[in-house]
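Enquirer: All chains should be modelled from the sequences, with the hints used to inform the complete structure.
Protein sequence lines, in the order shown, are assigned to chains Y and P. If you count the first sequence from 1, position 31 lands on 561 in our numbering, and the numbers rise without skipping. If you count the second sequence from 1, position 310 lands on 368 in our numbering, and the numbers rise without skipping.
Simulated from the structure, these hints should not be mistaken for lab results.
As a list, the in silico SDA-like pairs of lysine to any residue whose alpha-carbon atoms are at most 20 Å apart:
#1 K628/Y <-> Y146/P
#2 K438/P <-> R245/P
#3 K628/Y <-> Q147/P
#4 K628/Y <-> V298/P
#5 K628/Y <-> T314/P
#6 K628/Y <-> N211/P
#7 K97/P <-> R333/P
#8 K628/Y <-> A313/P
#9 K628/Y <-> D142/P
Examples of chain P residues toward chain Y, derived with CB under 7 Å:
#10 Y146
#11 G148
#12 E293
#13 P294
#14 S296
#15 P297
#16 R300
#17 T314
#18 G316
#19 Q357
#20 I359
This structure is a prediction, so every number in the text was calculated from the model and none was measured. Even for Gly, the Cβ is constructed at its ideal location relative to N, Cα and C.
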Amino acid sequence: MKEDMGFLRLENVQRGEALQIEVDGCPVAAFAGETVATALLSAGVFSCQIHDGRTMGVFCNIGQCCSCLMTIDGVSGVRACQTPVSPGLKVAIRRVEKRGPRP
Amino acid sequence: MSDLQTVDCDALVIGGGITGCFIALRLAQKGLKVCLADKGALFREASGRSGGGVRQQFRNKAELPLAMESVRLWQGLTEELDEDIEYYQGGSLRLHRTQQLHEEDKIRVERERAQGLEVHLLTPQQVRARLPVLAENIELWGGTYCPIDGTANPLLLGRALTHALLRAGVEVHRYEEIQTLETAGGRLSGAVGSQHIFRCSMAVNAAGPWARKIMQTMGFDFPVTFRKSQILVTEPLSPVIREFISFDKGYLRQATDGNLHLGVRGIPIVELETRQTISSFEDVGAHFPEVFPLLANVQIIRAFAGITTWTADGIPILDEVPGIAGLWVASGFSGHGFCLGPVVGKLFSEWMTSGRPSMDMSAFAWSRFGKVEWSNQLRKAADAR
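Expert: Below, the structure is given as structure tokens:
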């Protein structure tokens with residue numbers, strides 16, 4: 531299905547089985563063997579965390595920068611770029627409500 | 059050696075950490091031509107790897123007046139540097155988990171208050187009111203609280219100071235490792251670096267741990283030891299902590315971006331290196347979550363280590379180098395250099411230009427660790443170089 535390819539995936543590449551993950555409750559298409567970060571980028575979702583209105587997304591994509599921390603399977607602070615997808619995996623955008631010292 | 063270019067200046071500052079940067083900045087603002095040389099990049103070592111605490115309480119009696127004056131200077135830095143350095147005075151809070159520490163701190167608080175510091179002894183209830191993230195089931199005898207202590211972002215300060223140095227006309231030499239100092243007739247006459255020869259009549263050795271090596275090239279045994287202190291950084295969280303918190307197992311603060319910075323006591327080292335140590339992770343894992351339960355479910359996203367330079371009595375050596383007129387040393391801050399940077403810059407610029415600093419520095423004399431002598435033999439050898 532061409533729609534599932536998203537706008538960043540190359541064609542003519544052998545992929546795993548098509549599946550869906552859930553990002554903030556919305557279905558996002560993915561293929562087995564991809565990372566959560568790949569699925570998000572291909573779907574055009576660029577925000578992994580929102581800090582007091584400022585968004586952060588996949589930056590280094592190799593597990594170093596911790597810019598893509600998300601809440602995955604109920605665990606906060608997990609790197610989307612290092613987490614493989616699985617059918618029905620629940621992913622949530624990580625929100626830090628306010629920046630700055632506690633009043 | 060002859061292919062090195064010669065640079066003339068009034069004063070050479072060795073070391074581009076917080077101490078050296080402030081000394082260089084204040085000297086240049088007094089109209090001197092100043093060169094600042096660092097073996098690497100500015101703020102790369104302990105200053106940029108600091109816990110970021112700007113704290114006055116539980117300091118040595120002799121050091122407290124300097125810390126208080128430094129905090130007064132910190133309050134004007136954001137405006138002067140015209141850049142955000144994330145300095146805020148959220149207070150510092152020390153927890154007492156034993157009766158013994160609580161009793162000892164009663165005496166300490168009295169002494170500090172007599173010296174003019176605003177610091178309060180807190181009951182367990184007052185500590186809990188201030189720190190809702192504290193575990194409910196731990197033994198707690200109270201705490202001490204200084205409302206005008208605070209924290210700053212070491213990396214932003216390094217950047218802001220670099221800009222200020224350039225604006226003030228300081229000639230910044232990065233990747234310039236000073237190999238040796240030169241003298242003539244018991245006076246400093248210059249220094250040989252890895253890229254340049256400096257001709258100057260004044261210099262200050264503010265090279266942190268490497269200050270010892272530089273003193274060694276002149277034949278001195280500089281009485282300091284080294285510790286490696288590691289800081290663990292968590293994922294960013296919504297604001298949970300305002301104060302700089304210290305307790306018997308370490309310290310923590312929350313950065314403006316929301317990350318918690320967790321520090322444990324430094325590990326003694328001999329070789330100067332900053333590789334990460336697994337024991338810091340083990341210490342934090344073993345001792346922090348029982349006091350701050352929220353940490354049990356928080357990810358550590360990075361860690362870094364820096365080298366602190368210690369004297370036997372835990373306060374720095376801030377002195378003229380005996381026998382070599384025109385040479386000063388400022389090192390051995392024992393983990394307190396970040397707070398003291400602004401005041402040391404002020405005092406050294408006064409000392410080096412007018413002959414005396416505006417505060418009493420006698421407690422920081424090198425000679426408190428025994429007689430310091432530059433023998434005639436060493437003097438002749440140095441002159442002959």
